[in-house]
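Going down the list, the sequences are from chains A, B, C, D and E.
Once you know that position 287 of the first sequence is 306 in the numbering used here, the rest is easy, because the numbers rise by one and skip nothing.
Once you know that position 360 of the second sequence is 475 in the numbering used here, the rest is easy, because the numbers rise by one and skip nothing.
Once you know that position 197 of the third sequence is 199 in the numbering used here, the rest is easy, because the numbers rise by one and skip nothing.
Once you know that position 196 of the fourth sequence is 198 in the numbering used here, the rest is easy, because the numbers rise by one and skip nothing.
Once you know that position 301 of the fifth sequence is 302 in the numbering used here, the rest is easy, because the numbers rise by one and skip nothing.
There may be inaccurate statements among the hints.
[Claimed, not checked] Derived lysine-lysine pairs resembling DSSO-like cross-links, with alpha carbons at most 27 angstroms apart: (1) Lys-169(C) - Lys-106(D); (2) Lys-123(B) - Lys-100(A); (3) Lys-106(D) - Lys-218(E); (4) Lys-317(B) - Lys-327(B); (5) Lys-169(D) - Lys-353(C); (6) Lys-83(E) - Lys-134(C); (7) Lys-134(D) - Lys-218(E); (8) Lys-100(A) - Lys-121(B); (9) Lys-367(B) - Lys-456(B).
In short, the hints are calculated from the structure, not lab data.
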Amino acid sequence: MTGPTRVSTRRSTRGSGEGSGPLRYPLLFAVVIISAFPVYWTFMIPSRTNDVVGQLPPPFLPGGHFFENAARVFDTVNFGKALMNSVIVAGSITLSTLLFCSLAGFAFAKLNFRGRNALLLVVVSTMMVPVQLGIIPLYIEMQELGWGNRLISVVLPTAVTAFGVVFMRQSVIQAVPDELLEAGRMDGCGTLRLYWHVALPALRPAMAVLGLLTFMQAWNDFMWPLIVLNAENPTVQVALSTLASGHYRDNTLVLAGTALGTIPVLVIFALFGRQIIGGIMEGAVKG
Amino acid sequence: GDDGGKTKLTINTFGVFGYTDLYREFEASHPDVEIVETVSEYNDHHNNLVNHLAAGSGAADVEAVDEGFIAQLKATPEQFVNLNDLGASDRESDYPAFKWSASLSADGRTQIGLGTDVGGLAMCYRTDLLEAAGLPSDPAAVSALWPTWDAYFKTGRDFAAKNTGVKFFDAGTNIYNAQIFQLDESYYATGTSDVIVGSNPKVKTAFDATAKAISDGLSAGLVAFEDEWVTAMKEGTFATITCPAWMQGYIKENAPETAGKWNIAEIPGGSGNWGGSWLTIPAQSDHKDLAYELVSFLTAPEQQTRIFKETGNFPSSVTSIKDSAVQSFTNPFFDDAPTGKIFGESAISLEPQYQGSKHGAIRQAMEHGIQRIEQENQAADKAFSESVDEAERAAR
Amino acid sequence: MSTIELRDVTLTYDDRPTLESLNLVVEDGEFLVLIGPSGSGKTTALRIVAGLLAPTAGQVLVGGRDVTDVPPADRDLAMVFQNYALYPNMTVRRNMEFALRLAKVDRAERDRRVTAAAEILGLTDLLDRRPKALSGGQRQRVAMGRAIVRQPRAFLMDEPLSNLDAKLRVRVRGEIARLQRSLGTTTLYVTHDQTEAMTMADRIAVLHDGRLQQLGTPDELFSHPANVFVATFIGSPPTNLVPGLLSESPGTGSLELRVGDQTVEVPAAIRAGLAAPTGTEVTIGVRPHDVQTEPPADPALIFDVEVDLIERLGTETLAHGAVPSGPPTSPETCRFTAALDPRTPVTSGGKLRLYAAVDRLHLFDSATGETLRRRALLAAA
Amino acid sequence: MSTIELRDVTLTYDDRPTLESLNLVVEDGEFLVLIGPSGSGKTTALRIVAGLLAPTAGQVLVGGRDVTDVPPADRDLAMVFQNYALYPNMTVRRNMEFALRLAKVDRAERDRRVTAAAEILGLTDLLDRRPKALSGGQRQRVAMGRAIVRQPRAFLMDEPLSNLDAKLRVRVRGEIARLQRSLGTTTLYVTHDQTEAMTMADRIAVLHDGRLQQLGTPDELFSHPANVFVATFIGSPPTNLVPGLLSESPGTGSLELRVGDQTVEVPAAIRAGLAAPTGTEVTIGVRPHDVQTEPPADPALIFDVEVDLIERLGTETLAHGAVPSGPPTSPETCRFTAALDPRTPVTSGGKLRLYAAVDRLHLFDSATGETLRRRALLAAA
Amino acid sequence: MTIATPAHPAETAAETAAAARETPRRRRKPHTTFRRIGRATVPYWLIAPFFVIFTAFGLFPMLYTAWISLTDRDMLRPGAAKFIGLGNYTDLFSDEFFWNAVGNTFLLMAMSSVPQLAFALILAHILNTRLRARTLFRMGVLLPNITSIVAVTIVFSQIFGRQFGLISWLLDTVGLDPINWQAGEWTSKIAIASMVIWRWTGYNALIYLGAMQAIPKEHFEAAAMDGASTWRQLWHITLPALRPTIAFTALISVIGQIQLFTEPLLFDNSPGSVSGGNSHQFQTLALLLYEESFRLHNFGYGSAIAWVMFLVTMALAAGAYFVTRGTSRLTGGSR
Ligand SMILES: Nc1ncnc2c1ncn2[C@@H]1O[C@H](COP(=O)(O)OP(=O)(O)OP(=O)(O)O)[C@@H](O)[C@H]1O
Ligand SMILES: Nc1ncnc2c1ncn2[C@@H]1O[C@H](COP(=O)(O)OP(=O)(O)OP(=O)(O)O)[C@@H](O)[C@H]1O
Ligand SMILES: [Mg+2]
Ligand SMILES: [Mg+2]
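Please take these sequences and the hints and turn them into a complete structure.
Below you can see the structure in the form of structure tokens.
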């Protein structure tokens, strides 16, 4: 001790996790690098020419060919339309999921009606249906309805999901206090107004989370769109499959398409990331 | 549907058929027709075709089918238009027998598709790598090295003894399949649905020979068509590769930097065919006649010749094969090898091989066995018997 | 403005009655406080009045009209919730005018009422803030404002102060009481804090285990608790309870009260007001403030307290300790607290002799816990 | 047992000082209460002592040893948290012996200590329950038990009663005080409730905005607040503040106090104890309990209160209202509260004349807010 | 894998009770006014979209599949379906490929769920400290969830390449033999598990982080004063408090892993192969289902597999539900 007024910079809670100590930053950086690596790769490879693909060690730094490869994507497939379709599909699925799931979640969480628990059980159990085998009957159904090769056949089946309903129900329980609803009822709200004026504003973080997850899933889904849509009217994933159809593996081309298809998602993630992370964590508080 | 008064004719293909210009020509001669082509990835294409057939709708008016799937699909001929009814029987004589029969239903009545190309077999090799091992590199001399598979494997052992750090061939499955493709009878007893994969001595011979070659260290142990196989092709870690006609394109486009280092010799053990496609018309098509017009236009000999020149897809029409343009064609990438001649002879002389409906699945089961030997050092006998079990289960 | 009446209201959860046959009238313009310990059913009763909960049996009348089947919004009551239940996404202004908007009150009128209420509550500068940006006291006022602008027939409030800290609670309780008086709106107010009840109420209803214990002015409840429960619940520190015996002296025929080894005679005036006890055993309630250190002129009980804790509040000093109880032969004691003048010399560990005038004692039947005061007198009080 | 000393402790969050150069000694065995409004830095100070937070500058000494750099576990202090922080997954017994287990105390000794502590706290029957199955008061006692079994050099407690309801709080504060006295363990206790501070403390330290306002016995703080803040913070209802003027009478040379239109002379005895004010404006503190309705013998200030709210607590009656303040020409008023005998006749809306003896007034410099009492007297008090 | 929902099954009972509160049984006459009826049907309107869509596009295919599973049907010959009762199911139970797939599925489930949740916990523990650029780290760990499947396939095939993979290359540079990931019984599972772990660790970590932040800070401080190190705090404080969350994430992860499909499908990068390796060493139930139906066209058999998967999942979920409810009762409430 050197003097009476020793100034120190220590100012930490000696509480949780402090002792993970000096290692935690390197560790976190490692985790983030591992997490981000495929995304980075998606953008790095298309910036090179095809001849570096498969080299060992692989090139880790980007080159200058991204736009060239991106242009090839647009030459090879109808990528503009694919992007457009994907935005429409993922956008409508997201919007309808948010709307219908929050409505149903609200009803299951806060309204009282005959058969509620039984119905909820039905909802929960539908989450456990393996999707792969419903495809043929579903396809037949879509054809019967005359929706083959139309975007609506991609949108409708996932327009509202059991997961979403359960998720929203949980969020309503946590984010919307009964007292607030009672206040609304005293103020003269009917059920729909309670939903709109009271519940919905409180559900924003949860909606951000569900919205992103739904959007991501809709955006990346390829099995079903591939069957029900064709390359004339593709989504991004269908178009990507076409990109991969050549004689040889043109990873720069495929990944250039993938990169282009990832950009909208990254933009959304960058815009709403903060909220989404908050929402995921909030949602778990009482998990 | 019809829109703008024009009939929309849809065609689904995979890979590179190279038809774009032909569509425009067809449209020019049929002013009220609009052709819409959808190209998908090989497996996606065939999976979708099956799904659409199973669902009873959604298939295109014309669907391309590859050799790997044709046996399975012709087993349900009712799903397709019998092209014989639309006049395809006239074309029979122009196709090599094996090509015509491969898409013919078991009862011989329904022809579900017209051939577009064939995959006559040859053996591609790296001249530089053979030379490095003290072997000849001239095609004639190389062909002379391996009139039979035994000779091929012996050459391989000589090659291996030189320890050049390079393996003799790429993957056991390619060698095994080439031998199977040359048989007159493989997994099914001709004309029946009897699976003889376990009892056919020729299958066992091919399997064992391949297994031995692997254990002699001739194989690079790659899995064909995987990314690493492509890498190996670039890096030159194997000297020879079973080479159906379309393989030229694979090599050229995946390993452009190896230009001039390749040449093409004959395949050991006589001719064979691997690959090639057909154009079919699903029974659900609303434009069967028009579709047939398109199919016969696209598969006409002169178009096949043209496509060969543009894309390298080897013609399946005898007329086209015998065309001097094909016969005299040489491939600069392969050191100006006379590829037209090599593949043409291989194709025309081939005897048909009967394939039952689960041929593809059985083939995959057998490939699993070869790969187990190659990748997991499984004993050949065990690999064979396990594969036969798997094959028989798949065919049940 | 309007009366609120509960008639035989019963509510049963899982066969356990939470409210049993509750009868209660809140008079027009009255400030009635419903008090009781946690779980006694206060919130339940309030929510039944609001219409947020339907009673199992019984009726609710507002302004004389049976509203038992009327939905909450149509009862024309405004409620202030414990945690205020402000809409977090709306500004203060929007919060206050929300009900008016739903009722399609026109814009000018809405503005007028909000401005007026904001004026009264000192919220004028905060109208554009959101609840998050307000302090606890300000939120409380917004909640009040939301109730006021509706100009409802009555206010219902459920522990509206319990989220405020001690200082603020004292201030805001004054504000609410003043406001209610100036508006004259009938108010049913729930709390478990007896100080709040005493200071704010016109009348207090004490609830315990779903049953009404006593209903009366703060003064009545304080001076004449109907039973032991009310005696200990109202008043702080709580009334001391000491066991005693009440018997007629065989000789004189006068009524004698025995506590420990002392016996005092119950003066005739008091005796006249007493109902006959069912037995001789009684519970004597002595308020901590009703003891003195000097012997009074009137007959008095003496308590010798062994003080073990002194709490000096500045304005008064609380002495806690044990007093002997039971017959002189047994060494039983019971806890006793006295509120003394801060200048009284008293030390922890010391002894303290205290006197409680007989007319200040509360006598309860120790079997039933009911007061021995005559019903008639109770009603008159 | 041990002293605790804070030397020049400063803590700065984001360049805003939360504690500024705090100096404080808790004597061996003393019960010292740290009080202050929310956000004043009490918890911060306590956590610095505990070692959960490192000061920006300054030192912490426990038993004379500098422990500023010693980790919490090695300071040998036990802490009782506001929400008790009981480990929910452990039984009461496990909760209590957890620290001993970590310290590798052997089993027999652990059992001995836990049994003893449980005995003292009446927890013997609850040892196998989990915290969830306990009532608030019981949880509080487990938290105490956890501190006791460690036999630490001192207890640190952060608002340990604030989660209890009013009744229970009164009871438990008595229990804690009794326990601390019987164990004799040095205790630093944080609260924002002045009643708690007054009743429990040996000495009280008042904190405001991170600065120590006054340190003294409850009585000193109550009788001789060092500044306006302490005067209003300690005592309930809070001290009334009335502006006044202090000036030497030009004629007699005596000191005169002017409030509104009245002037009283400050007796020489009192005058002797006053420091000279920096100006003539003073703030006069009048405790609500220091007023009477009868004129006293001594010189007194008269307050004419326009009563607008009556709060009848039973034991006393609070009358709130406005008194004229400022010079007679201006109609300014200020709020005034009086604590009256419950029998005083007073009605809302009425007028009330109150007298406050001059020797009961607290005079503060209105510029600085500091008391005008001489330092020497302060120290001696 | 489905996405985790922060719903805790054990809560349902309590909430049901809470909801029932709104209308305790009433002894009065039933309401017959139109208004009441109108109001009473509102909840059904709110949940109707889900049930309509589910019935149309979920239930119908499911029931269709159930019917198919009772027939012997070639995918391409819908007309030639034969009703064979439970024949497919009895065949299934004597099919070694089925049992192999069951074994693989559960093994992969264990290999991916356990480390995934453990890593997530540790990651959350680290993220729960005072950090610079906190949001950045938190967003970073969520990136795998938004990465395109195509990119994942390509990157992982390059990492786990047999001879030229990144890992093999790294091993080579330190003089070790390359690992043939796809071929090995264990190596292939490790690789697939690591893909799953990669994809879901961050997401679970954020859920845990949320739950951790709900633990009162004082618990950690009390433990610190009692002398517990941070790892002991993780063990004694964090873990017990996170138990319901862990149970929930485990359940969701298990449900997801039963349906594990994409990762093993993509990992087998020899084109067109859906058999999960040469020895079916990583063929999961979902993959077997896919192979049977779409490759071998045994639609009936595939449907039977789908229903078995469904029933197994239901059984597991029900089991988990009762287990968590049971323990929560024992410990007096699950929160
Ligand atoms: N939904 C419910 N199901 C069963 N019992 C309930 C329910 N809601 C309340 N109760 C019970 O009803 C009783 C009264 O509850 P109520 O909330 O009215 O008490 P309170 O007097 O408001 O208490 P507090 O002062 O704690 O708010 C309690 O015993 C409570 O346990
Ligand atoms: N982690 C922090 N970062 C920044 N400021 C903080 C932090 N913790 C506390 N403060 C600030 O320090 C001041 C003192 O906080 P502290 O918790 O010590 O107050 P307190 O006296 O205990 O109040 P209360 O009675 O509300 O508990 C407050 O203004 C608070 O906002
Ligand atoms: Mg309540
Ligand atoms: Mg604090």
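Legend entry - Violated hints - listed by number, lowest first: 1 and 6
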